[in-house]
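Respectively, the protein sequence lines represent chains A and B.
Take the first sequence: its letter number 311 is residue 311 in full-length UniProt numbering, and every next letter is one higher.
Take the second sequence: its letter number 174 is residue 174 in full-length UniProt numbering, and every next letter is one higher.
Be careful, since some hints might not be right.
Copies of the same chain look alike in the list, so a pair counts if it works inside one copy or between any two.
[As the list claims (entries may be wrong)] Below, computed lysine-lysine pairings styled on DSS-like, alpha-carbon distance capped at 30 Å:
{"#": "1", "residue 1": "Lys174", "residue 2": "Lys287"}
{"#": "2", "residue 1": "Lys400", "residue 2": "Lys287"}
{"#": "3", "residue 1": "Lys400", "residue 2": "Lys386"}
These aren't lab readings, by the way, just hints derived from the structure by calculation.
Note that the coordinates shown come from a computational prediction; the quantities given were computed from them, not determined experimentally.
Protein chains: 2
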Amino acid sequence: MAGRNRDTAPGGWLGVCALLACNVASLAYFIRSFLDHRRRRRTATRPVANADVAIRPHSWEHYFTLAPGAVLNLELGDPTMYEPFWRAVGPRATTVIPGSDTMSYFSDAGAGELCWFLEPEFERAVRRLHRVVGNAAVDDQDGGGYHFVVGNGATQLFQAAMYALSCDADDDAKPVPVVSAAPYYSTNLQLSGHFRWAGDANAFTGENYIELVCSPNNPDGAVREAALSSSGTAKLIHDLVYYWPQYTAITVRAAHDIMLFTLSKITGHAGTRIGWALVRDRDVARKMVYFVDRSTIGVSKDSQLRATKILGVVSDAYELPHAAGAPPRLFGFARRRLAERWRALRAAVAASSGAFSLQEETSGYCNFAKQTVAACPAFAWLRCDKDGVEDCAAFLAGLKIVARGGEQFGGDARCVRINMMDRDQVFDLLVRRIASLKIEQPDYLDAF
Amino acid sequence: MAGRNRDTAPGGWLGVCALLACNVASLAYFIRSFLDHRRRRRTATRPVANADVAIRPHSWEHYFTLAPGAVLNLELGDPTMYEPFWRAVGPRATTVIPGSDTMSYFSDAGAGELCWFLEPEFERAVRRLHRVVGNAAVDDQDGGGYHFVVGNGATQLFQAAMYALSCDADDDAKPVPVVSAAPYYSTNLQLSGHFRWAGDANAFTGENYIELVCSPNNPDGAVREAALSSSGTAKLIHDLVYYWPQYTAITVRAAHDIMLFTLSKITGHAGTRIGWALVRDRDVARKMVYFVDRSTIGVSKDSQLRATKILGVVSDAYELPHAAGAPPRLFGFARRRLAERWRALRAAVAASSGAFSLQEETSGYCNFAKQTVAACPAFAWLRCDKDGVEDCAAFLAGLKIVARGGEQFGGDARCVRINMMDRDQVFDLLVRRIASLKIEQPDYLDAF
Numbered sequence: 001m002a003g004r005n006r007d008t009a010p011g012g013w014l015g016v017c018a019l020l021a022c023n024v025a026s027l028a029y030f031i032r033s034f035l036d037h038r039r040r041r042r043t044a045t046r047p048v049a050n051a052d053v054a055i056r057p058h059s060w061e062h063y064f065t066l067a068p069g070a071v072l073n074l075e076l077g078d079p080t081m082y083e084p085f086w087r088a089v090g091p092r093a094t095t096v097i098p099g100s101d102t103m104s105y106f107s108d109a110g111a112g113e114l115c116w117f118l119e120p121e122f123e124r125a126v127r128r129l130h131r132v133v134g135n136a137a138v139d140d141q142d143g144g145g146y147h148f149v150v151g152n153g154a155t156q157l158f159q160a161a162m163y164a165l166s167c168d169a170d171d172d173a174k175p176v177p178v179v180s181a182a183p184y185y186s187t188n189l190q191l192s193g194h195f196r197w198a199g200d201a202n203a204f205t206g207e208n209y210i211e212l213v214c215s216p217n218n219p220d221g222a223v224r225e226a227a228l229s230s231s232g233t234a235k236l237i238h239d240l241v242y243y244w245p246q247y248t249a250i251t252v253r254a255a256h257d258i259m260l261f262t263l264s265k266i267t268g269h270a271g272t273r274i275g276w277a278l279v280r281d282r283d284v285a286r287k288m289v290y291f292v293d294r295s296t297i298g299v300s301k302d303s304q305l306r307a308t309k310i311l312g313v314v315s316d317a318y319e320l321p322h323a324a325g326a327p328p329r330l331f332g333f334a335r336r337r338l339a340e341r342w343r344a345l346r347a348a349v350a351a352s353s354g355a356f357s358l359q360e361e362t363s364g365y366c367n368f369a370k371q372t373v374a375a376c377p378a379f380a381w382l383r384c385d386k387d388g389v390e391d392c393a394a395f396l397a398g399l400k401i402v403a404r405g406g407e408q409f410g411g412d413a414r415c416v417r418i419n420m421m422d423r424d425q426v427f428d429l430l431v432r433r434i435a436s437l438k439i440e441q442p443d444y445l446d447a448f
Numbered sequence: 001m002a003g004r005n006r007d008t009a010p011g012g013w014l015g016v017c018a019l020l021a022c023n024v025a026s027l028a029y030f031i032r033s034f035l036d037h038r039r040r041r042r043t044a045t046r047p048v049a050n051a052d053v054a055i056r057p058h059s060w061e062h063y064f065t066l067a068p069g070a071v072l073n074l075e076l077g078d079p080t081m082y083e084p085f086w087r088a089v090g091p092r093a094t095t096v097i098p099g100s101d102t103m104s105y106f107s108d109a110g111a112g113e114l115c116w117f118l119e120p121e122f123e124r125a126v127r128r129l130h131r132v133v134g135n136a137a138v139d140d141q142d143g144g145g146y147h148f149v150v151g152n153g154a155t156q157l158f159q160a161a162m163y164a165l166s167c168d169a170d171d172d173a174k175p176v177p178v179v180s181a182a183p184y185y186s187t188n189l190q191l192s193g194h195f196r197w198a199g200d201a202n203a204f205t206g207e208n209y210i211e212l213v214c215s216p217n218n219p220d221g222a223v224r225e226a227a228l229s230s231s232g233t234a235k236l237i238h239d240l241v242y243y244w245p246q247y248t249a250i251t252v253r254a255a256h257d258i259m260l261f262t263l264s265k266i267t268g269h270a271g272t273r274i275g276w277a278l279v280r281d282r283d284v285a286r287k288m289v290y291f292v293d294r295s296t297i298g299v300s301k302d303s304q305l306r307a308t309k310i311l312g313v314v315s316d317a318y319e320l321p322h323a324a325g326a327p328p329r330l331f332g333f334a335r336r337r338l339a340e341r342w343r344a345l346r347a348a349v350a351a352s353s354g355a356f357s358l359q360e361e362t363s364g365y366c367n368f369a370k371q372t373v374a375a376c377p378a379f380a381w382l383r384c385d386k387d388g389v390e391d392c393a394a395f396l397a398g399l400k401i402v403a404r405g406g407e408q409f410g411g412d413a414r415c416v417r418i419n420m421m422d423r424d425q426v427f428d429l430l431v432r433r434i435a436s437l438k439i440e441q442p443d444y445l446d447a448f
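If we strip away everything but chain A, and leave its shape as in the complex, we get (with noise of 0.2 Å):
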């Protein structure tokens, strides 16, 4: 039958090849950009693109490539645990931004507003993913009507708030001290003269302080409320970016005056560089603005782009019903993958039989979750108990395993904080190593 028709239909093969000729030359653009991209990425250390695969744990690992002995390094939070979810999700993920796009300094929304390089619509995808979540108090019936300010992710929104918060105090009140309780998140904050480190809030003393409020907290994962008490000059900045329901239960709408988020520790996009904060009030919101502006005169519209497609999918996810093609769910997945591994870290060190131990698991009720769960916290705050460590890092980076001393965190040195958002492989390789641990066992080092 195919032979007749070539014979006797030249208009249909004639229709065939009308059609190739449109649809190839519409298709050849987006194909080959997508493939350029692709294979520019296939490195030796990164895994190739794969949108089919499956949404589960080592699904990808084949593409990975770390030898038995290799340094781990978990000391900063790099997420890429998300890498395989957003894989999963597949083009409707993808950012497409033509080449005439944002290109001006100013945001649609234009010179008169408060946050002048804001993408309206980063805001709005923003404000929609607190709603869905219930992380934050953003309509005005909530108590919320907070202002927004976008930041190149949360270490410069940090900086803005601690410069709005002081750079208005009298002279002989600067450099304004900053507190957070121990262990804290250490802020390098040299760059300013407006305020200083002044270390744990329970050893402060003195009066018209900055307090950074971590919550849950990095780098132990708990919930905290601010140090001090709350007098007259207290002036809060409350870090909520492990505030999402992969880490924690979500137990209130919080309503601070100063919140900040971070797009990397909600989806995994720290190549962003996207934060936000969410700010009571106004005069404190356009200081923030200030700094940024001459900082960096604003943020990547691109990012912000970026930002607005990826929060997008995540509440997607939620809100439309799964018949309707509804993407797979952000915080499923990730609480998932984190509390397989918190199951595998804390055997491993019940394994280490006394060489270390972890901080201990809470739960609570959550609302998003509408149940209670079990903390899963970004970040293990691993303590070397056998005789003779006094210094955890060192003794870990003896088994290749780099990690982040607890003295940088205001705390003890026979604490670490390692990295529980890496790649699956780098994590098994971690269980492992300190699985093979015993406090028996001196020669621990052989095993390498």
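Chain A is already provided as a structure; the job is to place chain B on it using the hints.
This is chain B only, laid out in the frame that chain A set:
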């Protein structure tokens, strides 16, 4: 014949349908994303996209709504003049970023590189363009061999460079004075305790200083060298963001210790917030990387990918044969547009019969254009010569023209800096308002 084929060739039409089904599915995402993206941007003050627009002045003005009495904000250097060029380039300048790409803090080059957040393909695209234009020594045989640091715009790299050149100074030498010959681009230095602004280089007599050399100069377009004699203690930062062939003659491959460039002033992509530094000394480069790390933990990978795409299109236009479908040429477009604007502005100033004057026109032989070309600065440095006008910015504000006053550049308040890179309609209104003023016409405000 079509009727006959419909009847006799079902296999042919089956083929058509099958192809349609396959291709429609593949195309759907791309087209929808593109259209969605465009739809979002249809605001009152932004043009609707039109990839088929011809590259000619005013070709897109019917999309842009600006009332005859509108305020003209020409205070910043927003380079929206370049938008119609990139619309004409069309889809080949489109950036496509799959959801799972560039998620890590680290770039493909990995943690071992000096600038660990730099995408290697971005560096390659930049070095290629410098070779095409011949404006900076990037190859060893040209005295190059520079280290490459990417930043969130040149603004961040300025601060990074000043930090790198001052952070290790003796305590009694801090804050290190930073100078530049007036009129200079005003840099806000209040955010650091390591360096301080010390004003006009020509009025400075101390030692252990940092000199900023901006050439062509912002605000007046002058070609410059260091104002202070280069002694052993001189530390120079060269701001070469306008050293591109649309603005000035390319006379030499620049080879200074620290050279700063930015995407904004080359291609008009200010919203992408990408700059780079070519740095001779490895230790200085390392300190600049540290500054960018501490400030923003690197630079958006999405912006680096987009800049790679955009710069690749610019280089392709000069390196690919025209017959091979090379894209339009950026520098020719921008030079023609700026030259036309300068002619119009000079004519308007002449028509004002002495109310205004401009910087003198200069010219030089351009190695890139292979001919003598007139300078077409990115800013007009306009002086009000009208009797009784001491503050030109205030005078122009009465005409609803917002310009940055000369005293902000360490210069004369009778001067203002005016952006020459805004959209056509804005520029046309500026010219009409300037031309309507005559020195003997005291009731100039009646015109508005």
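Checked hints:
1. Lys174 - Lys287: both (17 Å within a copy, 26 Å between copies)
2. Lys400 - Lys287: between (44 Å within a copy, 27 Å between copies)
3. Lys400 - Lys386: within (18 Å within a copy, 74 Å between copies)
In this structure, every one of the numbered hints holds.
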